[in-house]
Amino acid sequence: MNIVVLVKPALDTSNLRTAANKIMVEDTPLKISDIDRNAAEEAIRIKEKMKGGKTIAVMVSKYPPTPKRGGEAENLAREVLAMGIDEAILVIDDGLIGTDQTATAKAITEVVRKKVGQFDLVIGGEATIDGYSSQVPARIAAELGIPIITYVREISQVGSDSVVVKRDLEDEVQVVKSKLPAVITVTREINTPRIPPLLQIRMAMKKPLSKVSLGDLGLQVERRARTTDLKPLQIQRKKVLIESGTVDEKADKLIQYLSQEGVVTPR
Amino acid sequence: MRVIGVFATPSTLEVMGLAQKLGGDALVFILNGGDEAAERAGRYGAGRVVLVDCGAMCDPAALYDAVAGELSGLTHLVFPATKDGKTIAGYVAGKLGVPNLVDVVDVLAPNKFSKYSMGSRGAEEVEVDGPVALVVQPKRFQPAEKPSKPAVERRRAAPIVELTGREEKAKGSLKIEDAELIVSVGRGFKKQEDLKLAMELAEVLGAQVGCSRPIAADLKWLSEDHWVGLSGHKVRPKMYMAIGISGQPQHIAGMLESRIVVAVNTDKNAPIFQYADYGVVEDLYKFIPVLKEKLRKALGK
Ligand SMILES: Cc1cc2nc3c(=O)[nH]c(=O)nc-3n(C[C@H](O)[C@H](O)[C@H](O)COP(=O)(O)OP(=O)(O)OC[C@H]3O[C@@H](n4cnc5c(N)ncnc54)[C@H](O)[C@@H]3O)c2cc1C
Chain F
1 MNIVVLVKPA
11 LDTSNLRTAA
21 NKIMVEDTPL
31 KISDIDRNAA
41 EEAIRIKEKM
51 KGGKTIAVMV
61 SKYPPTPKRG
71 GEAENLAREV
81 LAMGIDEAIL
91 VIDDGLIGTD
101 QTATAKAITE
111 VVRKKVGQFD
121 LVIGGEATID
131 GYSSQVPARI
141 AAELGIPIIT
151 YVREISQVGS
161 DSVVVKRDLE
171 DEVQVVKSKL
181 PAVITVTREI
191 NTPRIPPLLQ
201 IRMAMKKPLS
211 KVSLGDLGLQ
221 VERRARTTDL
231 KPLQIQRKKV
241 LIESGTVDEK
251 ADKLIQYLSQ
261 EGVVTPR
Chain X
1 MRVIGVFATP
11 STLEVMGLAQ
21 KLGGDALVFI
31 LNGGDEAAER
41 AGRYGAGRVV
51 LVDCGAMCDP
61 AALYDAVAGE
71 LSGLTHLVFP
81 ATKDGKTIAG
91 YVAGKLGVPN
101 LVDVVDVLAP
111 NKFSKYSMGS
121 RGAEEVEVDG
131 PVALVVQPKR
141 FQPAEKPSKP
151 AVERRRAAPI
161 VELTGREEKA
171 KGSLKIEDAE
181 LIVSVGRGFK
191 KQEDLKLAME
201 LAEVLGAQVG
211 CSRPIAADLK
221 WLSEDHWVGL
231 SGHKVRPKMY
241 MAIGISGQPQ
251 HIAGMLESRI
261 VVAVNTDKNA
271 PIFQYADYGV
281 VEDLYKFIPV
291 LKEKLRKALG
301 K
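Those sequence lines, one after another, are chains F and X. With this note's numbering, letter number 40 in the first sequence gets 40, and the count goes up by one each step, no holes. With this note's numbering, letter number 144 in the second sequence gets 144, and the count goes up by one each step, no holes.
Keep in mind that the hints are not guaranteed to be accurate.
[Said to hold, decoys possible] Residues from chain F that keep clear of chain X, each with C-beta distances beyond 10 Å, as calculated:
(1) M1
(2) P29
(3) E48
(4) K49
(5) R69
(6) N75
[To be verified] Label-pair ranges, simulated between beta-carbon atoms:
(7) G34(X) to A19(F): 52 to 58 Å
(8) E48(F) to R155(X): 39 to 45 Å
(9) G98(F) to E70(X): 28 to 34 Å
(10) V240(F) to G172(X): 31 to 37 Å
In short, the hints are calculated from the structure, not lab data. For every residue, glycine included, the Cβ atom is placed at its ideal position computed from N, Cα and C.
Throw the hints in and build the complete structure from the sequences for me.
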């Protein structure tokens, strides 16, 4: 079974760099979007169970500056390769900077068509930490003309031509059966991603990792949405730390602050 | 003439508030709704209503095929920011090749919007050329009554995937978004029964109990109506007390607008202290019972 895993080199939202009330995208470090690790883990487990096939991570670099991001994304690719993914394909091109999910989905679709070929499943995360739009996997399904099943919390059965999964929705859990190939997205709760041992990290250096450009994919992208402003949402906090004294003293101090703030009104 | 396509279920019809704000004619696709929902769409000024029978589940691919003929010429498409709504939005926007903006918070011009960004840690303004799909929290733009007499049609969208079972989720009646005071619990609690400590404190304060994602989604110690954060509920109480919560950006995204934030954590370097007005470095198991007793006395309860 060949499985494509969507792995986003995402902006690390716990490390957003800001200056003069702007988010400085170019200075903010990248990390693997958290839930994409769950997607990778699930792909590896399915491959182990099905005893055969291949897992391929597809990554699309979206942030400037391209030369620096290339190296950063490569390191992130090595992380999923160390987990057990067989191969990584990174799409990196200045033409992708500042584009919306239309371009991301088209780039991934073309990688699947032109570089992967035969596949059974595409697995992504329910949402990324930076975009948090949950739009790319459904768009890939639309491009490829195959089913999309989102918010999968459990893959109950995988056969050679069908899957049965549990979708975790707001009010209910749905058990859904679909033909393959299909695109699915997984939730953070589906598994606990493995942390690769050192040996595997070293071995990952030898696994195939390729970089492709839009030209290689024969793709031209349009830019129909432009960000005109990007500000951090920040609220200044007092950051008073109560760390010394006994438990009793700390409680008294907190109650004193809370009454000063008008949160509690002692009699 | 601007024509806005709205996709909604009977429980998310309020997204029509965004169509009203954009102005123009609304073509409303109601998924698995009946005459009552069509009538309500009419009250919000729908020009035309298409009742789509999706069967057991709304499959985006089947839905798209059923309505594709209606979508050319639309200037805006509006979807609710529910899990199914976002999936359908991605699929439909993908088929149409139009950009989509998720978590729209305001309309600055018919082609310019502000939205949450960076996992709700940023605010972004985006300008688009041509048609655009907009995904919005159902209650973000409350629709006004402006009754119309829309033509109503029916369609079927038989799913290409098969629903073989469903389980209802435990549902509470809590509206954490409306709480004035919140005592919120995280993985710092070792066992489900230990949550009692926080519940007793909440009772003394007259507060509601919130929680981080793992407590609701992984461990299921509390129902999902308690879940605060990016993928849970956004709250803005007078006081938010985070107990045994580390303060990852996805949790912060849900409580950023609280007036006063208190954090209790054993780890002095926990990120939560950067987002707190008052931080107590202490073991919750020692601190919370003492705080509760002292508050009980102080408040005369
Ligand atoms: C796309 C996405 C969306 C997400 N959405 C959400 C969301 O909506 N809401 C959410 O909460 N999370 C969300 N998460 C998960 C989030 O990243 C964190 O994993 C989660 O918030 C951590 O929960 P926690 O703070 O309870 O647990 P932990 O991070 O494990 O923190 C536990 C804390 O308890 C402290 N502690 C331990 N023992 C004690 C003690 N005895 N006394 C006091 N303190 C103690 C520890 O020092 C630690 O700081 C999301 C993640 C992703 C990727």
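Comparing the hints with the structure gives:
No beta-carbon of chain X is positioned within 10 Å of the beta-carbon of M1(F); the least distance is around 19 Å. The beta carbon of P29(F) is kept farther than 10 Å from every beta carbon of chain X, the shortest such distance being approximately 13 Å. With 10 Å as the threshold on Cβ separation, the claim that E48(F) sits away from chain X holds: the shortest Cβ distance comes to roughly 23 Å. At roughly 21 Å from the closest C-beta of chain X, the C-beta of K49(F) stays outside 10 Å, upholding its exclusion from the interface.
At roughly 17 Å from the closest C-beta of chain X, the C-beta of R69(F) stays outside 10 Å, upholding its exclusion from the interface. For N75(F), the condition that its CB be more than 10 Å from all CB atoms of chain X holds, with the nearest at approximately 21 Å. The given range of 52 to 58 Å is respected by G34(X) and A19(F), whose C-beta atoms sit roughly 54 Å from each other. Between E48(F) and R155(X) the beta carbons are some 43 Å apart, a value that agrees with the proposed interval 39 to 45 Å.
The beta-carbon spacing between G98(F) and E70(X), approximately 31 Å, falls within the hinted interval of 28 to 34 Å. Between V240(F) and G172(X), the C-beta spacing of about 33 Å keeps the proposed range 31 to 37 Å intact.
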